[in-house]
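As they're listed, the protein sequences go chains R and E.
According to this note's numbering, the first sequence is numbered sequentially starting from 1.
According to this note's numbering, the second sequence is numbered sequentially starting from 1.
FYI, nobody ran anything at the bench for these hints, they're computed from the structure.
You may find that some hints are simply not true.
The list treats identical chains as interchangeable, and a pair is accepted whether it falls inside one copy or across any two copies.
[Stated by the list, open to error] The calculated EDC-like cross-link candidates involving lysine to aspartate or glutamate, where the alpha carbons are at most 16 Å apart (straight line), are: (1) 389 - 343; (2) 412 - 286; (3) 412 - 51; (4) 412 - 81.
This one's a predicted model, so the numbers in the text were calculated from it and none came from an experiment.
2 protein chains.
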Amino acid sequence: MGMKSYRLHDLSPDRIGELCTRNPIEDLTLLETCRAIFDAVEARGDEAVREYTFHFDGVQTPVLGVAPEEFAEAGMQVSEDSARALRRAEANIRTFHQTQGISREVHEIEPGIRCWRESRPIASVGLYVPGGTAVLPSTVLMLGVPARIAGCSEVTLCVPPRPDGSVAAEVLVAAEIAGISDVLRIGGAQAIAAMCVGTETVSRVDKILGPGSRIVQSAKLLASLRGTAIDMVAGPSEVLVVADETAVPEFVASDLVAQAEHGSDSQAVLVSTSESILTEVGSLLESTTRDLPRRRFAADALEQSFSVLAPSLEDALRFANTYAPEHLILHLQDPQQWVRNVDSAGSVFLGPWSPEVAGDYASGTNHTLPTSGLAKSFSGVSLDSYLKKITFQELSEEGLRALAPTLETLAKLEELEGHRRAVEVRLDRGSME
Amino acid sequence: MGMKSYRLHDLSPDRIGELCTRNPIEDLTLLETCRAIFDAVEARGDEAVREYTFHFDGVQTPVLGVAPEEFAEAGMQVSEDSARALRRAEANIRTFHQTQGISREVHEIEPGIRCWRESRPIASVGLYVPGGTAVLPSTVLMLGVPARIAGCSEVTLCVPPRPDGSVAAEVLVAAEIAGISDVLRIGGAQAIAAMCVGTETVSRVDKILGPGSRIVQSAKLLASLRGTAIDMVAGPSEVLVVADETAVPEFVASDLVAQAEHGSDSQAVLVSTSESILTEVGSLLESTTRDLPRRRFAADALEQSFSVLAPSLEDALRFANTYAPEHLILHLQDPQQWVRNVDSAGSVFLGPWSPEVAGDYASGTNHTLPTSGLAKSFSGVSLDSYLKKITFQELSEEGLRALAPTLETLAKLEELEGHRRAVEVRLDRGSME
């Protein structure tokens, strides 16, 4: 098994571009498939949702909403250890996300011209947490906690039903901890369709957030064409590790393998200035993977991953910025010194004691992050994702009089006479002339 | 002429929903048209761009880029008055947008767990400013000034060529004031395609921002399917005015007409608690519109606009939030008191001396704002639009040890053994055991 390895100096810019290209998102065929699902859900509501659930998931779901008794039962099923871990994760996520608001700070731009911004919650948000065989209570917290801090008044959570039609107890306990009571056993494109158009059981939402398969992401794109906001299009998870000669090979290998076990399409990239680190990590990958329950995924993912020998840390970080990884781990002697070289990444982990798994679960940062190179232009989910920022302005009569010549000149320039007169009528009627 | 008028209490929730619904965005046919354009531009670069420019705009553009001499000539053509107005607008826009950054503030979430966010500019952005017959230097400032404050290293501006192949002098002067030197005479879907895929002359960008026609917005949607970020999909401009009995009818009428003159598809909505204000404003609309150069647009727009009599200001503001206007003007005795009732709007103007035209041009706030009800989930363009916010974390050995039980429990819960081991391998090798 093993990653392909390259020397950075042997790679042409085009080849670097190829190595840094992940799955393209555009797929109008998948959009057409989603359109049929959206149209059916719009026309026939819950009935259509249930049909698609049976068709795609093979599960009968006579009742789509999760009942209070199911929450109560889940609370009894989940161990106290697990519940405690979820609560601590929630507390840390809450602490960090609470720091992200904007304050109402009024700025006097010129005398008599006061401008400011205030944030308002997006009233209703829909969260999607993938499932089926996997159980992802951590994603419930990552999406739900900032929604509550923001003050969203309606929070809807869709989770695919398990074969018996239930939702995993851990997911329900996490939902309860995050303060979400509106949980629906719906997955796939039909879940996104239901939250976009609304049904008898599912509220129509203003924004949809969360990871998921290609069909789920295509459905989110279609929702965005219909005017429902989305967080971003999420692809397979990925990590890029930059390591110097002081890195501990076992730590690096464990980080690459933890990423690789997510799925066959995950990518784990290692960039190092040290040949011996590359060799040692490479030789550790097999033993680190061997007895994992998900070794098949990990081995497949590592097959399509790669390592790069870089002549300097500047070059290594430059490559990392071109790749723009979802997760960037800096196994460096003095990682703080290199923070300023990081231009594009979803979330960054500094030094030997900051494994990605800390941010995946419980350090407080969000794990819903831009993939596939979108970190060049997108931020991960944060409190911002649940807020609008509205600008306000109040001019005094003096403020408007002072600004009037500028406004009138620009209105003339753009040949918008009605704009100019909206100023003039005020000057004519004002108390100062 | 005139707006339809309604009494809020006579309107059913469904009817209110209809009144608040604007143009739907989804149009897969337009997307297919754009796809052909994108594919041609991807295959044949500048040549295809020039062909589409000739096909759609009837203009020959042998040279796509604007040369330094054209800037110099523009500088001589534009009056000192106009240049001064543009510079003052730029100064105010800069002042307000400079207040919008995030500071690097490190938070200790638990002892030994430090998390923070830092912002980084999106490296390359593409700005689209509509034109052809209209001349919109103000939009150049609104899109360009925050790009420069953010520190974007490449800023590309596309403007449709005029019939003689030139770009308006005012637009070039505004570009120069905003610090943009890379201006291209390209409009329509071919401009968006060129910035999305890149050509010999046009740099490929990470994000595209700006208003434009339906075809331009569809092209932006397609660009977003191809992984290029966009600001949002912009529809026709709109204003909603809330007026109480203290409002000055002439001011209100001038604000409605200023909005209506943008285009036949603009919408101007008046909501008032005062029947006499509704009557007086209604009777002023004709005279306010009569001798405007763009009276045809204004009259058409007002035909499809409407007014609503609301029983209370609470109700009026509730209706405004349901409509979620791009611009909200509060012609109220004590507008500050009603700010907290505003949930959904792009930008808000308080009191008689704050006409929308102040924010359109020069008070400092941005005029690129969410339309068509998107203000429920989108913010206007701000410094944020040009930045990514990256999360960072650094744990100490003690920090990781203290968090380890939580991390290991959650990894077990999600059956990600490789995640658990990334913690374990560190505890085993740490210096504290």
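Here is how each hint holds up against the structure:
Proximity of residue 389 and residue 343 under a CA criterion of 16 Å is satisfied inter-copy only: 10 Å between copies versus 25 Å inside one chain copy. Taking the shortest Cα distances, residue 412 and residue 286 never come within 16 Å of each other, neither inside one copy (71 Å) nor across copies (22 Å). Taking CA atoms no more than 16 Å apart as the test, residue 412 paired with residue 51 passes in neither setting, with 59 Å inside one copy and 34 Å between copies. Taking the shortest alpha-carbon separations for residue 412 and residue 81, only the inter-copy value of 11 Å comes in at or below 16 Å, while the best intra-copy value is 69 Å.
Taken one by one, the earlier hints fail for this structure at numbers 2, 3, listed in ascending order.
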